[in-house]
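> Chain residues, written in single-letter form:
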Amino acid sequence: MNLILPGYYICKRTWKKLYYRPIHFIFSFVQPVFWLTIFGFLFEDKFDFSEGNYMTYLLPGVCAMTVLQTSAQSGILFIKDFQSNFFGRYNFTPIPKTTLLFFKIFADYSRVVLQVFVLFGIGYLMGVKSISIDSMGFLKLILSTFMFTYFYASLSSFIAIKTKVSELMATFIHLFNLPIIFTSTALVPNKNLPVWIEQIAKYNPLSHLSNILRESIVNTDFDNGNTTFSFLLLGILTLISFFCLTHYFKTINYD
Amino acid sequence: MRVSLNNIKFKYPKEEVLFKDFNLSIQKNQITCLLGPNGSGKSTLLKLILGAVTEAKGNILFDDKTLNNTSKKSRLIGYVPQSYSLDGEMFVDDIITFMASLHGLKKNNITERKNKIVQSLELTTYINQQIKKLSGGQKQLINVALGLTHNPEILLLDEPFVGLDLTVKLNLISFLKSLKKTIICVTHDIDFAERSADEIVLLKKGQILEQSKPFTLIKKHPYITAEIDFKEGVEFNKMTFNERIYVSFQNRRATLFCKNTSLLSQEIERFKKEHNEFIISSRISQNNLTSTLMGLHKVSLSNTKRERKVKKKKKQ
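Those sequence lines, one after another, are chains A and B.
If you read the first sequence in the numbering used here, its first letter stands for residue 1, the second for the next number, and so on.
If you read the second sequence in the numbering used here, its first letter stands for residue 256, the second for the next number, and so on.
Rather than coming from a laboratory, the hints here were simulated on the basis of the structure.
Hints are not guaranteed to be accurate.
Said to hold, decoys possible - In silico EDC-like pairs for lysine to aspartate or glutamate, Cα to Cα no more than 20 Å straight-line: (1) 17(A) to 349(B); (2) 12(A) to 522(B); (3) 16(A) to 344(B).
Claimed, not checked - Cβ-to-Cβ under 8 Å is the rule here; a few derived chain A residues that face chain B: (4) 83; (5) 89; (6) 94.
Predicted, not measured: the structure shown is a model, and the values here were computed from it.
Ideal Cβ placement from N, Cα and C applies to all residues, glycine included.
Okay, chain A solo, but in the shape it has when bound (with noise of 0.2 Å):
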């Protein structure tokens, strides 16, 4: 069976669904540019920087932080697909599961590696002059992002499949992103951040995602660890919570 067809179809689907639905997408445009200007103006002396400035520390930070939402709520669509009993349908078509699931989050990761640009862009027009990518950095952004979304997009979604309930949903939302946010060095420095908060960070994936689009897309020096560790951190939880989410629904009965 021919996997790339259904495979567009499957995204397809997504994409127009959020073009039906057009608030969710141009709010995730909005919500970064708040950050970036609240959080600029909040914390743009409190750093000290050998290089570049706190603007330029914060857009690839922010653009992680977009990947953690986006994904977040890549479980929603199966949330809705159970609401109107679509789901079921799944369970009666040829298509392999994983092949299902992986499309589904690729439409995701497809919409942050768009989010992604169009923030570079948007910071460029708030003053971070030094954004400067080369095919190295482009590969790095593209390999990054997509690790860090399967894995969180995994973790939403087998949330979803698992509780069938959008309360839960948003709870898992709430509950989780905001505490990631401020434990990982997508904000502040970690040489800025509290001694317990920089322990949490170091193994925080945001921290790892947002140093690596550090090194990627801005031609300044943030002394951003060791992006080797940190790929082959993003790589093991992608693969533990893909593997999760893949078991977990070939397991269960959706009829």
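Using the hints provided, position chain B relative to the given structure of chain A.
Chain B alone, transformed into the frame defined by chain A:
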């Protein structure tokens, strides 16, 4: 394709056993209607064939072969669920394309198949409409269309005519007949079963009461029904009938079932004399599938009551 269910054992969690050593053979390229009261296991039977119920024991054979591969099975079977199960935000064109692609059809085949279904089911006018804007009947047609997207060998239909107006229903019936496929249909539409089914399987609590052609079933159980409508103030509990006649009362109507036409006529005449002041009208219907099924249902209810009484007596 012939479908055989052999020695099926199945129960839903925390419920009584539904199927116990259940056997059923469904002939190929025929319309088989599964009839029976609610909870008799009709829809569960469809899900068993479909493979949506995995906890069952026994064999389900397709042309004498088992099919454990879900992927192969879903290519072979088209399923039309009882509820619409549609994504209201999608457009008709998109949802048919989407489902056809999930069934592994190539792009050219998707277009070809979609056009055929749209024409056959007369969906052309709403092909570019959003599903949430369609009426219940139109949604039901889309529901049927999605079961047909991959041109399956076997079609499982669960109440396919709910919400359809007469013209659309007749069109759908003639389309289904023209398919010449193995169609297994759960329905409460007795008229459809009588006119269109090649075979009827009558179920009750997971057991087959009858399996035969509609005509044979009617001849075997030639029940005739009579209905008597009463005025207000009638007291049913004071009325008595011949023991060979089964009676049910609902609102101000008494429905009488009997295999003997003359006995039924005599009884109604007697009844008219005794309760003339309460009777508005009375009529006797011809022997058809409805009267047969109602009669069988009534007999089965009476038997159950009798069994309960016997059990009670034994206990005492």
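> Determine which of the earlier numbered hints do not hold for this structure and return their numbers in increasing order.
2 and 4
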